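A.B. asks: Could you put together the complete structure from these sequences and hints?
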Amino acid sequence: MSANHDDHHHAPDGHGRALRLGIGGPVGSGKTALVAALCRSLGPSLRLGVVTNDIYTTEDADFLRRAGVIDAERILAVQTGCCPHTAIRDDIAANIDAVETLEERFGPLDLVIVESGGDNLTATFSRGLADRQIFVLDVSGGDKVPRKGGPGVTTADLLVVNKTDLAPMVGADLTVMSRDAAKVRDGKPVLFTSIREDKGAHSVAEWVVGIVDAWHHEHAHSV
Amino acid sequence: MHGDMAMLLLADSRLPAGGHAHSGGAEEAVRVGAITGPEDLARFLRGRLATAGVVTAALAAAACEVGARPAPERWQRLDAEADCRISAPAQREASRTQGRLLVRTTRRIWPSEALDSLALAVPDGAHHPVALGAAAAAAGCEPRQAALAAAYTSVTAPATAAVRLLGLDPVLVHRLLADLAPALNDAAHEACVIQADDWSDLPAHAAPALDLLAEQHLRTEVRLFVS
Amino acid sequence: MHLVATAAGPLDGDHLGLSIDVAPGTSLSVFSVASTLALPGRSRLTVTARVGPGASLRYSPEPLVLADGCDLRVDVLLSLAGDATAFWREEIVFGRYGEPSGRCRSRFDATVDGVPLLRQEVTAGDPALHGSPAVFASARCAGSTLLVGDLPREVHLAEGCAVLPLAGPGTLVSALAADTVELRRRLEWGERLADKSLP
Ligand SMILES: Nc1nc2c(ncn2[C@@H]2O[C@H](COP(=O)(O)OP(=O)(O)OP(=O)(O)O)[C@@H](O)[C@H]2O)c(=O)[nH]1
Ligand SMILES: [Mg+2]
Numbered sequence: 005m006s007a008n009h010d011d012h013h014h015a016p017d018g019h020g021r022a023l024r025l026g027i028g029g030p031v032g033s034g035k036t037a038l039v040a041a042l043c044r045s046l047g048p049s050l051r052l053g054v055v056t057n058d059i060y061t062t063e064d065a066d067f068l069r070r071a072g073v074i075d076a077e078r079i080l081a082v083q084t085g086c087c088p089h090t091a092i093r094d095d096i097a098a099n100i101d102a103v104e105t106l107e108e109r110f111g112p113l114d115l116v117i118v119e120s121g122g123d124n125l126t127a128t129f130s131r132g133l134a135d136r137q138i139f140v141l142d143v144s145g146g147d148k149v150p151r152k153g154g155p156g157v158t159t160a161d162l163l164v165v166n167k168t169d170l171a172p173m174v175g176a177d178l179t180v181m182s183r184d185a186a187k188v189r190d191g192k193p194v195l196f197t198s199i200r201e202d203k204g205a206h207s208v209a210e211w212v213v214g215i216v217d218a219w220h221h222e223h224a225h226s227v
Numbered sequence: 626m627h628g629d630m631a632m633l634l635l636a637d638s639r640l641p642a643g644g645h646a647h648s649g650g651a652e653e654a655v656r657v658g659a660i661t662g663p664e665d666l667a668r669f670l671r672g673r674l675a676t677a678g679v680v681t682a683a684l685a686a687a688a689c690e691v692g693a694r695p696a697p698e699r700w701q702r703l704d705a706e707a708d709c710r711i712s713a714p715a716q717r718e719a720s721r722t723q724g725r726l727l728v729r730t731t732r733r734i735w736p737s738e739a740l741d742s743l744a745l746a747v748p749d750g751a752h753h754p755v756a757l758g759a760a761a762a763a764a765g766c767e768p769r770q771a772a773l774a775a776a777y778t779s780v781t782a783p784a785t786a787a788v789r790l791l792g793l794d795p796v797l798v799h800r801l802l803a804d805l806a807p808a809l810n811d812a813a814h815e816a817c818v819i820q821a822d823d824w825s826d827l828p829a830h831a832a833p834a835l836d837l838l839a840e841q842h843l844r845t846e847v848r849l850f851v852s
Numbered sequence: 122m123h124l125v126a127t128a129a130g131p132l133d134g135d136h137l138g139l140s141i142d143v144a145p146g147t148s149l150s151v152f153s154v155a156s157t158l159a160l161p162g163r164s165r166l167t168v169t170a171r172v173g174p175g176a177s178l179r180y181s182p183e184p185l186v187l188a189d190g191c192d193l194r195v196d197v198l199l200s201l202a203g204d205a206t207a208f209w210r211e212e213i214v215f216g217r218y219g220e221p222s223g224r225c226r227s228r229f230d231a232t233v234d235g236v237p238l239l240r241q242e243v244t245a246g247d248p249a250l251h252g253s254p255a256v257f258a259s260a261r262c263a264g265s266t267l268l269v270g271d272l273p274r275e276v277h278l279a280e281g282c283a284v285l286p287l288a289g290p291g292t293l294v295s296a297l298a299a300d301t302v303e304l305r306r307r308l309e310w311g312e313r314l315a316d317k318s319l320p
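Protein chains in written order, with the numbering used here: chain P, 5 to 227; chain F, 626 to 852; chain G, 122 to 320.
Nothing false has been slipped in among the hints.
Derived Cβ-Cβ restraints for the label pairs, each shown as a range:
1) Gly662(F) / Glu280(G): 16 to 26 Å
2) Glu280(G) / Asp629(F): 38 to 48 Å
3) Asp749(F) / Ala144(G): 30 to 40 Å
Don't read these hints as lab results, they were simulated from the structure.
Keep in mind the model is a prediction, meaning the values are calculated, not measured.
Glycine included, each C-beta is placed from N, C-alpha and C at the ideal position.
C.D. replies: Pasting the structure below:
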C-alpha cells in the first residue's frame with residue numbers, strides 16, 4: 005500500500021504535509037455527518053483526504069462514499085479491533101499508515117480528516133496522529149455533558165455541540181451547555197450546529213479554513 | 626546487550642505497531658462457532674503455536690541474523706521465503722500490513738541500518754516475522770529472542786481477541802497462555818535449529834483451517850479486527 | 122503412467138524413492154491404482170520431480186492412509202522451469218476407519234526457475250493439531266492440489282475448501298473433510314475453479 009522507505013511524513017514539525025484533523029466524540033453524536041458536511045463545504049477549495057475508524061467493518065467509509073461528497077478513493081477505513089480509542093491514542097500506527105497512504109497517492113493535500121470510532125468522553129487523539137482535534141457532542145445526551153468535562157470536552161481545539169434542532173425535544177438548555185463548556189475550556193471555542201439543517205456545517209467549516217491557513221503559513225516554506 | 630528489554634518490548638501487546646487490531650483468525654473462528662469457550666480456545670492456540678507460530682518464529686530468527694549483516698538481496702530472499710509459506714492471500718496481506726507498521730514504528734524506536742535497509746529492500750512492507758526479526762536485531766536481540774517474541778505474539782493476539790469477543794474470564798485465558806510455556810520453548814527451539822543462509826529448510830507448517838478462516842473473515846460483513 | 126503398488130505401502134525400515142523427469146515440451150501423468158497404506162514402523166518416501174521448459178506434469182495418486190503406529194516421513198521436491206505447468210494433488214487420511222492417526226511429517230517444496238513457490242509441511246499424529254480449530258479442526262483427512270501455470274488469480278471458498286492464489290505463479294486448492302469421498306469432491310470443485318480448462 006504505502007512506502008515506508010522515506011520517513012519525511014514523520015517530521016514532527018509537520019513541514020511538507022497536510023494538516024491532520026481528528027474528529028472524535030461519543031457514538032452517534034454526528035461525527036460522520038460533520039465529516040460529510042466539511043467535505044461538502046471545503047471540497048471545492050481544499051485538497052482533502054478522509055480516514056475513518058469504524059467499529060464494524062467499513063460502515064462510515066461506505067456512508068461517505070455513497071454520499072458522494074468526496075472521491076471514493078480518498079477515503080480509507082481503519083479497523084480497530086474492538087478498541088476505537090486504542091487506534092487513535094495508544095497505537096496510532098494503522099491510522100498514520102492510512103494518512104500517509106492518502107498523502108502518497110493523492111498528495112500534496114491540504115487537510116486529512118481522521119474520524120474516530122464512537123467512544124467515551126475520555127477518548128482523545130494522540131498528538132502523534134492529529135495536529136488539531138474537534139470533539140463532537142450532541143444535545144440529546146443531555147445538557148449536563150459539558151459540565152462533566154473529560155479530556156475530550158476540555159482539551160479539544162474545538163468543541164461542537166450538534167443536533168441543536170433536537171434541543172426542545174430533549175429539554176436541553178443550550179445556554180447552560182455553552183456556559184458550562186466555557187468554564188472548563190479555558191477560552192477555546194465552542195460551536196453549536198444542526199447538521200440536519202445546515203448541511204455544510206458552515207461555522208465549523210470556517211473554523212477549519214482558519215486552522216488550515218495558519219498551518220499553511222507556518223509550514224509551507226521548508227518542504 | 627540490551628536484548629532482554631527489547632524482546633519484552635517487542636512482545637508487548639502495547640507496542641504501538643497496529644497489532645491490537647489483528648486476531649490471527651480468532652474473530653472468524655468465534656463467528657463460525659469454532660471457538661466458543663476456553664477449551665476450544667486452548668486447542669486453537671496450541672495448534673496455532675505449533676504451525677503458524679513455529680514458522681513465524683523461524684523466519685523472525687533468520688531475519689534477526691540477517692539484521693546483523695543486512696543486505697537488500699538477503700532481505701528480499703528471506704521475504705520470498707515468507708511469501709511461499711503463506712498460502713492464503715488474506716494472510717499474506719495481513720502479514721505485510723503488520724510488517725509495514727512494525728517497521729515504521731520500530732525505526733523510530735531503534736534507528737538502525739538493519740531496519741533502514743529492510744524498508745528500502747521491501748518498500749511495500751516486509752512480512753511481519755521478517756520485520757520483527759529485523760527490529761529485534763536493531764534492538765540488540767539474539768535470534769532466539771526474536772523467535773520467542775514472534776511465537777509469543779502468535780498466541781497472545783488471538784487470546785486477547787477471544788477475551789474481547791466472547792467476554793471470557795481474562796484470568797482463565799492467561800492461565801491457558803501460561804500452560805503453553807513448554808510449547809513456546811519447543812517452538813523457539815525448532816525455529817532456531819536451522820540457521821544458515823539457506824532458508825529453504827526453515828519450518829513450513831501448514832494450518833489449513835487458519836487459511837480457510839482468514840479468507841472467510843475477509844468476506845464477513847461485520848468485522849472488528851483486520852485479520 | 123500408473124504407479125502399481127500392492128495394497129500395503131511403506132513398512133518399517135522402508136525408504137521408497139521416486140524420481141520423475143519430464144523432458145522439455147512433453148507431458149506426463151502419474152496415477153496410482155490404489156491408496157497407499159503407511160504401516161506401523163518408521164519409513165520414508167522421497168519424490169523428486171523436475172519439469173522441463175514447456176513440459177507439463179500431472180501427479181494425482183490415490184490417498185495416503187496413515188495407519189495407527191506408522192511413523193512416516195515424506196519429502197517432495199518439485200522443480201519447474203519457468204513456463205512448465207503442473208498439477209500436483211496430495212491427500213492424507215488420518216488413520217483407517219475408527220483408529221487414531223499414525224505419525225507423518227510430509228514436506229513439500231515447489232520452485233519455479235529456482236524461486237520458491239510453495240513450501241509447506243503437514244504434520245499428522247500430533248495431538249496438538251488434530252481437533253485444533255486452527256489446524257485440522259475435526260477433519261479426518263486433508264488434501265491439497267498445487268496448480269502451476271498461467272491461472273486466474275481469484276480466491277474461491279466453500280465449506281471446507283479454499284482456492285488460494287499464491288504469491289508466485291500458482292494456486293493452491295486446500296481442503297479438509299470427514300472422509301475421502303468428500304475430500305475428493307471438494308478438491309475437484311476447487312481445481313476446476315483454479316484452472317477453468319480442466320474437464
Ligand atoms: N436531528 C439530527 N440528527 C443528526 C444531526 N447530525 C447527525 N444526525 C443523525 O445522527 C445519527 C448519527 O450520526 P453520525 O454522523 O453517523 O454519527 P457518528 O458520530 O458518526 O456515529 P458513530 O460513528 O457511529 O459513532 C444519524 O442518523 C444522523 O443522520 C443533526 O444535526 N440533527
Ligand atoms: Mg461515524
